[in-house]
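*Asks:* Line by line, the protein sequences are chains B and W. For the first sequence, this note's numbering gives the first residue as 69, with consecutive numbering after it. For the second sequence, this note's numbering gives the first residue as 61, with consecutive numbering after it.
No lab work stands behind these hints, which were simulated from the structure alone. There's no promise every hint is true.
To be verified - Here are the simulated DSS-like cross-link-like pairs (lysine-lysine), alpha carbons at most 27 Å apart as the crow flies:
#1 B:LYS260 / W:LYS397
#2 B:LYS260 / W:LYS385
#3 B:LYS349 / W:LYS397
#4 W:LYS73 / B:LYS500
#5 B:LYS323 / W:LYS73
#6 W:LYS385 / B:LYS263
#7 B:LYS140 / W:LYS385
#8 W:LYS385 / B:LYS298
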Amino acid sequence: MSTTDQILQDVVIKFAGDSGDGMQLTGQQFTNNTALLGIDLATFPDFPAEIRAPIGTLPGVSGFQLHFSSNKVYTPGDIADVLVAMNAAALKVNLKSIKPGGKIIANIDGFDSKNLRLANYPDGINPLEDGSLDSYDLIKIDVTKLTRESLKDFTDLGVKERDRAKNMFVLGFIYWMYNRSLENTIEFLKEKFGKKETILQSNIKVLQAGYNYGDTTETFTTRYKVEKAKMPAGLYRSIMGNQALTYGLIAASEKSGLPIFLGSYPITPASDILHELSKYKSFGVKTFQAEDEIAAITSAIGASYGGLLGITTTSGPGMALKAEAMGLAVMLEIPLVIVNIQRGGPSTGLPTKTEQSDLMQAYYGRNGECPMPVIASSTPSDCFEVAYEACRIALQHMTPVILLSDGYIANGAEPWRFPTSNDLKPINVKFKTSLDEGEEKFMPYKRDEKLVRPWAIPGTAGFEHRIGGLEKQDITGNVSYDADNHQHMVKTRQAKVDKIADHIPLQKMDSGADKGKVLVLGWGSTYGAIKSAVLELQAQGKSVSHAHIRYIRPFPKNLGEIISNFETVLIPEINNGQLVKIIRDEYMVDAKAYNKIMGVPITKGELVDVLKKML
Amino acid sequence: MSDTVTAAPLTAKDFATDQEVRWCPGCGDYSILAQVQKVMPTLGIPKENVVVVSGIGCSSRFPYYMNTFGMHSIHGRATAIASGLKAARPELSVWIVSGDGDSMSIGGNHTIHLLRRNFDVNMLVFNNQIYGLTKGQYSPTSEEHKITKSTPFGSIDHPFNPLALAMGADATFVARSMDRDPKHLQQTLIRANAHKGCSFVEIYQNCNIFNDGAFEIFTEKGTKMEETLFLENGKPLIFGATQNKGIKLDGFNPVVVELGNGVSADDLWIHDDKDFYKAQILVRMFDDPRKANHLPRPFGVFYETERLCYEDVMALQIEEVITSKGKGNLDKLLRGKEVWEIM
Ligand SMILES: Cc1ncc(C[n+]2csc(CCOP(=O)(O)OP(=O)(O)O)c2C)c(N)n1
Ligand code: SF4
Ligand SMILES: [Mg+2]
Chain B
69 MSTTDQILQD VVIKFAGDSG DGMQLTGQQF TNNTALLGID LATFPDFPAE
119 IRAPIGTLPG VSGFQLHFSS NKVYTPGDIA DVLVAMNAAA LKVNLKSIKP
169 GGKIIANIDG FDSKNLRLAN YPDGINPLED GSLDSYDLIK IDVTKLTRES
219 LKDFTDLGVK ERDRAKNMFV LGFIYWMYNR SLENTIEFLK EKFGKKETIL
269 QSNIKVLQAG YNYGDTTETF TTRYKVEKAK MPAGLYRSIM GNQALTYGLI
319 AASEKSGLPI FLGSYPITPA SDILHELSKY KSFGVKTFQA EDEIAAITSA
369 IGASYGGLLG ITTTSGPGMA LKAEAMGLAV MLEIPLVIVN IQRGGPSTGL
419 PTKTEQSDLM QAYYGRNGEC PMPVIASSTP SDCFEVAYEA CRIALQHMTP
469 VILLSDGYIA NGAEPWRFPT SNDLKPINVK FKTSLDEGEE KFMPYKRDEK
519 LVRPWAIPGT AGFEHRIGGL EKQDITGNVS YDADNHQHMV KTRQAKVDKI
569 ADHIPLQKMD SGADKGKVLV LGWGSTYGAI KSAVLELQAQ GKSVSHAHIR
619 YIRPFPKNLG EIISNFETVL IPEINNGQLV KIIRDEYMVD AKAYNKIMGV
669 PITKGELVDV LKKML
Chain W
61 MSDTVTAAPL TAKDFATDQE VRWCPGCGDY SILAQVQKVM PTLGIPKENV
111 VVVSGIGCSS RFPYYMNTFG MHSIHGRATA IASGLKAARP ELSVWIVSGD
161 GDSMSIGGNH TIHLLRRNFD VNMLVFNNQI YGLTKGQYSP TSEEHKITKS
211 TPFGSIDHPF NPLALAMGAD ATFVARSMDR DPKHLQQTLI RANAHKGCSF
261 VEIYQNCNIF NDGAFEIFTE KGTKMEETLF LENGKPLIFG ATQNKGIKLD
311 GFNPVVVELG NGVSADDLWI HDDKDFYKAQ ILVRMFDDPR KANHLPRPFG
361 VFYETERLCY EDVMALQIEE VITSKGKGNL DKLLRGKEVW EIM
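Just chain B, same shape as in the assembly (with noise of 0.2 Å):
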């Protein structure tokens, strides 16, 4: 039977199930194909809290949304054109986020009296059969039913293995529809069962049966194509935020010729980043899962005392806990980089959703004056560069350095124009080995022209010298309880943070005039979402916009300047206020903020509704 194929140039999909379904290994399969294919996107997964809530309760819904497109793509999408929806309680969390029309493809067997129950819908009423989905496009499969048919010659295959290869006839029907071919989810799955052949035949078996389902079944008519987006020529691969951050701390590495040293304790989001870290040994990575995130971060301050590149990362609480050490590796004046992938806070608060609310504990957190150089990621990709910036500037300024990401960065995915090494900047690092001219004997804390004391590492000769958190004299770094140079010590430290300024670069506009009626200032994960809106708007003539900060300590020396030249500044974030404070504070500006606290991104669609009420 014949077929229709139609072009669209945007579409947001979203993969719903329990967090038994594979939903969001269905998605990223999904998302592999889709970038092969030189198409753009952006993902955003979205974890239950619970690694086993209940089967079929709301609170066990697993989503995986993604947006792809000809054009370029900034956003996972605020709205889906496209719900899988494998049970109940997955239609019921993400049925507000369906675009009106959009399309629903239902699990038929995941909508029975008992999942009905589970997701709280009255006795009696079937959401698929009621009446209440007339308004949208829906497609009822009977997803359970054909898996085991499909497998019905898979005699030494039990019904629950069976029924676990469902998301491989959701992802083949997917396909189908999206005009695709099989053939990396194939290799994928070989890769993943190679040994298992009986898993791997089956698995194999679902995904095409799924497709042809769509080929077979005369209700389809019409398929759908999505053409390559125009993207800078280059080379591109699929990249995740913690992944492109983990890449960033290996290339900061082999370009500065230290070895890395994690130490780390795990904690939601962060923790795939000591898994990444973990595999790459052929690197020289020393990994260590420490007692606690005290033990994580001073372990790394030892490694770096000793000369290694010392990294911990953490979220938010594991923040609280390394604070005290953050102040001693200030006064030891070392190397170090603490990465917080932020989370829902305070206290435990929503350790699988998103936020951008430790930035205060960034920036002011610690006892005494101790300044530390903060730097923030924006998308997936950007956790690469900034993750080597981090890595530049804790080693060739010797401060400790603060990255911040977040749980949608870290878990988001899109593609990535991926650099060679030789792209990358080089990362001097000298170690103090002989005296200069002129001097007579070594003096750790005698400075540079940048305000940086010399890195003498245990093992080298005539250089022995002992140092502490308690305050340094200047110079000598003998202990001192001296008041004046206490006074100018604490102003020495913060100098030497502020003039990191002097080698980080300007402030770019990220898109729009130099001058006019409305800057939006952002920082973090909020990138996609003002991107998009200013954009739109920018489009309708409107005077808009767009700067974002990845240097927040320092900020960059003109950043002052562009926001005096706008009328208004509006500070978007997923938090109660806190950029907005600092920059209040810091350039005495009336700056607007727009805040968000619902542990999800903001969207595209609010931020024009803001904007435009200021335009």
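Add chain W with the ligands to chain B, keeping to what the hints say.
*Replies:* For chain W with the ligands alone, kept in the frame of chain B given last:
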């Protein structure tokens, strides 16, 4: 004639710094510093390879007085810092100096993990059974009912037995010594250094300002012989004013016997620091000396065993991966498995 100049052998002086030592006059820390400085030149370790890491407390000021690499860090964390340092640089000789508060209260967690991982470092715990630096609060090793600034009606805490804690954490070297017995302390330090693995050395240290005389019963001439038991490998457990008493095992219980009258040294417990089960009993010889019929307190090396060191296994794993997979290639890593080209 050879044109190489043999460097003069190092002396204790080479390990002293120009910093004024700031402990109270009479503090037991002075003696410990002197013994460490005396022992150091005999160990054959280049001075630049020695790192002393301490936490916070009177005892933790130690690194400032050692002319080696050193870090006076934060309260309780010297153990974790030393772990990272040793993992990073296995060739260094790392010495941790800590107090009873530093290592057993705020840093208790890191202490047990350091021991179970068995980094090849030496951990010296200066136990004065008090918080010295904060001016005299009771510590996790203070005896019950102790009157201090924070316990005017007597402490209600049950104290730690540091060596039992170390055994519980699977330490591979467990020893006790004291500030007032320089020879014994030197020998103990030499053995601690010779041990490949984490050496846990508890050193009884008198704080003459806030807890004067805490160990006097073990250290002063009049009572020392009667109250202490010095452990030596292959030797029977003998003590007493005239070496007239010994320890025998009655089932699992150590009991005191008088020598003579048919009881000879051959009937006594012979010390073997490789014996794990006996070491468990030895560390439990921890009676409150104020109690009647208490057992003497043992000093010396209680236990020593061999186990792979964390930093060595860590390095080995890296080597093995590099041998089997080759050295990491950054361009390969960045490129990944699936790429596409946009023209
Ligand atoms: C985080 C932190 N909490 C508390 C203190 C205060 N403090 C410093 S030393 C110390 C106790 C030291 O006792 P101990 O480790 O036995 O060392 P000593 O002074 O007896 O040698 C305390 C509570 C501190 N410096 N840091
Ligand atoms: S307070 Fe006690 S432990 Fe501290 S230096 Fe004085 S005597 Fe020594
Ligand atoms: Mg003490």
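*Asks:* All the hints need checking, so say for each whether the structure fits it.
*Replies:* Each hint, compared with the structure:
For the hint pairing LYS260 of chain B with LYS397 of chain W, the CA-to-CA distance comes to about 14 Å; that is within 27 Å, so the pair holds. Our distance criterion of 27 Å between C-alpha atoms is met by LYS260 of chain B and LYS385 of chain W, whose separation comes to about 19 Å. For the proposed pair LYS349 of chain B and LYS397 of chain W, the alpha carbon gap of about 19 Å is at most 27 Å, so the pair holds. At most 27 Å may separate the alpha-carbon atoms for a hinted pair to count; LYS73 of chain W and LYS500 of chain B meet this at roughly 25 Å.
A distance of roughly 42 Å separates the Cα atoms of LYS323 of chain B and LYS73 of chain W; the hinted pair therefore is violated under the 27 Å criterion. Note on LYS385 of chain W and LYS263 of chain B: the hinted pairing holds, with a Cα-Cα distance of about 21 Å set against a maximum of 27 Å. Taking the CA atoms of LYS140 of chain B and LYS385 of chain W, the gap is near 38 Å; set against the 27 Å cutoff, the hint is violated. As the CA atoms of LYS385 of chain W and LYS298 of chain B are separated by approximately 38 Å, the hinted pair breaks the 27 Å bound.
The structure fails to meet hints 5, 7, 8 from the earlier list, while all remaining hints are met.
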